[in-house]
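Chemist: Sequence order for the protein chains is A and B.
Take the first sequence: its position 170, counting from 1, is numbered 170 in UniProt numbering, and each next residue is one higher.
Take the second sequence: its position 49, counting from 1, is numbered 49 in UniProt numbering, and each next residue is one higher.
Hints were generated in silico from the structure; no laboratory data involved.
Just so you know, these numbers come straight off a predicted model, no measurement behind them.
Even for Gly, the Cβ is constructed at its ideal location relative to N, Cα and C.
One should not assume that every hint holds.
As the list claims (entries may be wrong) - No farther apart than 20 Å at their CA atoms in a straight line, the calculated lysine to any residue pairs in the SDA-like style are these: (1) B:85 <-> A:4; (2) B:34 <-> B:23; (3) A:6 <-> B:95; (4) A:20 <-> B:112; (5) A:2 <-> B:123; (6) B:34 <-> B:105; (7) B:34 <-> A:10; (8) B:105 <-> A:114; (9) A:27 <-> A:37; (10) B:6 <-> A:88; (11) A:2 <-> B:97; (12) A:2 <-> B:40; (13) A:6 <-> A:58; (14) A:2 <-> B:14; (15) B:28 <-> B:111; (16) B:28 <-> A:85; (17) A:26 <-> B:105; (18) B:6 <-> A:20; (19) B:28 <-> B:67; (20) B:35 <-> A:88; (21) A:6 <-> B:91; (22) A:6 <-> B:65; (23) A:2 <-> B:111; (24) A:20 <-> B:111; (25) A:6 <-> B:93; (26) B:6 <-> A:85; (27) B:34 <-> B:91; (28) B:85 <-> B:37; (29) A:26 <-> B:2.
Unchecked claim - A few chain A residues facing chain B, derived, Cβ under 7 Å: (30) 3; (31) 8; (32) 11; (33) 12; (34) 15; (35) 65; (36) 82; (37) 85; (38) 88; (39) 90; (40) 113.
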Amino acid sequence: MKIHEKLLTHYLSCPSPVDKEGYLFKKRERNTSYQRRWFVLKGNLLFYQERPADRHLLGVIILEGCTVQPSLPESQHCFSLVFTGLGLRTYRLAAEDCLSQESWVHALHSASHTCLSLLVKELGRLYEEAKRASGESTQSPALTGKGLNQSMATYNPGSLYYLQGKGPAMRDAWAYARSQTLPAPQVTVKTTSKRSPKLWPKRNALVTPLNGPAPTYGEWPLVGSDTLEDFSKLHEHYGKEVRQLRADWLRKKREEAGHIEEDLIDLG
Amino acid sequence: MRFNEKELVSLSRQPSERAAELGMRGPKKGDVVKKRLVKLIVNFLFYFRTDEEEPVGALLLEQCRVEREDDLAFSVAFLDEAERKYLFECDSQEQCLDWIDSIIKASYEFMRKNLIFYRTEIHRLTGKDPLEQYGISDETRFQVNSGLPPLPATST
């Protein structure tokens, strides 16, 4: 299959920002040795070359259909790009230190187009909700082909496209699309009609945000006057929900362990 | 340049955003229109000879210009070079417009811009950064203006 190399190298060298770059060790396919390579992540493409200044690219890994997993420590700071499917490859990589490993794993498992697409859909949905809540017009200017071509070159807040997401299902799918190395995903945004009293953003469930407005009284069902007693109640309460979520997530992952291989479109 | 061909071929067999048999003409002088099964998956446009399992080729849909050529045809140009312009012939005007729309929206960079827009707007409307719950709010690739500091944290 022809890959049209120049399109890839052109994308790499074009003005849009690189997402991450640095040295990693890459294990050779049929050899036990690791080679130090300069990696550049842009979009869903992971390029590698010998040194940063090199004009010659050694290769590219297209990051679709893979998960990022920690490896057994043959040497330290290892991780793998595991492509799911019969006969597909696993790329074994290693970082120079713990921080670098974490940083690369983090960047790589949300780098795929699939991931970004889910994220954009979810944010589009949240945007519509936020607009409705704030009473602004819900009319989003539709993008036409010509307008899009022009706006592609520059960030233009006026022209905008979104896809209608499916709420919690999208959020679960996003959590699944990221790798198994992630801890249980944080509590999700539920649809308006089924909102739990603990509203988004959940990350600060146990701490009143100092920079933002404090959640209204109704959002903190267990808050009372005795801080110590209420803290342990809150802790127990949220702990239960996190445990439940984790159990659900693990169950879902087991159910979704299969990977769709065949075409859903039969073109005859 | 090496690339993960097997994995890319596997990707080409996945459900696509859009797939159809179109007339396709390559960019070189003397290239003629050939019937190809064209599949749009993530930001790649795969094209197959009818009934073949492996694509003839894969075009990365980044930094490209999509244009309506006439009623039933559109073109995709790469590298700002006329010599890299591919022509696609559709069966209907509607199909033509649908393809143009889908290809433009398939680009990773396009999606990134949308994400940044939504993030900024949601932050403006609610005072909260929607990316924080995903733990990716600090990543430079999602910043509003690359090079400038990220959105202020909405909590300590």
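Chemist: Please go over all the hints and tell whether each is borne out by the structure.
Modeler: Cross-check of the supplied hints:
1. B:85 <-> A:4: 13 Å, holds
2. B:34 <-> B:23: 5 Å, holds
3. A:6 <-> B:95: 29 Å, violated
4. A:20 <-> B:112: 15 Å, holds
5. A:2 <-> B:123: 43 Å, violated
6. B:34 <-> B:105: 25 Å, violated
7. B:34 <-> A:10: 27 Å, violated
8. B:105 <-> A:114: 13 Å, holds
9. A:27 <-> A:37: 10 Å, holds
10. B:6 <-> A:88: Between residue 6 of chain B and residue 88 of chain A the Cα gap is close to 7 Å, so the pair holds against 20 Å.
11. A:2 <-> B:97: 27 Å, violated
12. A:2 <-> B:40: Holds. Residue 2 of chain A to residue 40 of chain B sits at ~16 Å (cutoff 20 Å).
13. A:6 <-> A:58: 13 Å, holds
14. A:2 <-> B:14: Distance ~18 Å between residue 2 of chain A and residue 14 of chain B Cα, so the pair holds.
15. B:28 <-> B:111: 31 Å, violated
16. B:28 <-> A:85: 36 Å, violated
17. A:26 <-> B:105: 33 Å, violated
18. B:6 <-> A:20: 25 Å, violated
19. B:28 <-> B:67: 18 Å, holds
20. B:35 <-> A:88: Distance ~30 Å between residue 35 of chain B and residue 88 of chain A Cα, so the pair is violated.
21. A:6 <-> B:91: 30 Å, violated
22. A:6 <-> B:65: 16 Å, holds
23. A:2 <-> B:111: 26 Å, violated
24. A:20 <-> B:111: This hinted pair holds, its Cα atoms lying about 18 Å apart.
25. A:6 <-> B:93: 31 Å, violated
26. B:6 <-> A:85: 10 Å, holds
27. B:34 <-> B:91: Status holds; Cα separation ~14 Å.
28. B:85 <-> B:37: Given pair residue 85 of chain B, residue 37 of chain B holds - Cα atoms ~18 Å apart, limit 20 Å.
29. A:26 <-> B:2: 14 Å, holds
30. 3: Check passed: Cβ of residue 3 of chain A comes within 5 Å of chain B, closer than 7 Å.
31. 8: 6 Å, holds
32. 11: 4 Å, holds
33. 12: At 10 Å from the nearest chain B Cβ, residue 12 of chain A fails the 7 Å test, so the hint is violated.
34. 15: 9 Å, violated
35. 65: Status holds, d = 6 Å.
36. 82: Violated: closest Cβ of chain B sits about 11 Å from residue 82 of chain A, beyond 7 Å.
37. 85: 5 Å, holds
38. 88: Given a least distance of 5 Å, the restraint on residue 88 of chain A holds.
39. 90: 10 Å, violated
40. 113: Holds - the Cβ of residue 113 of chain A comes within 7 Å of chain B, reaching about 4 Å at its closest.
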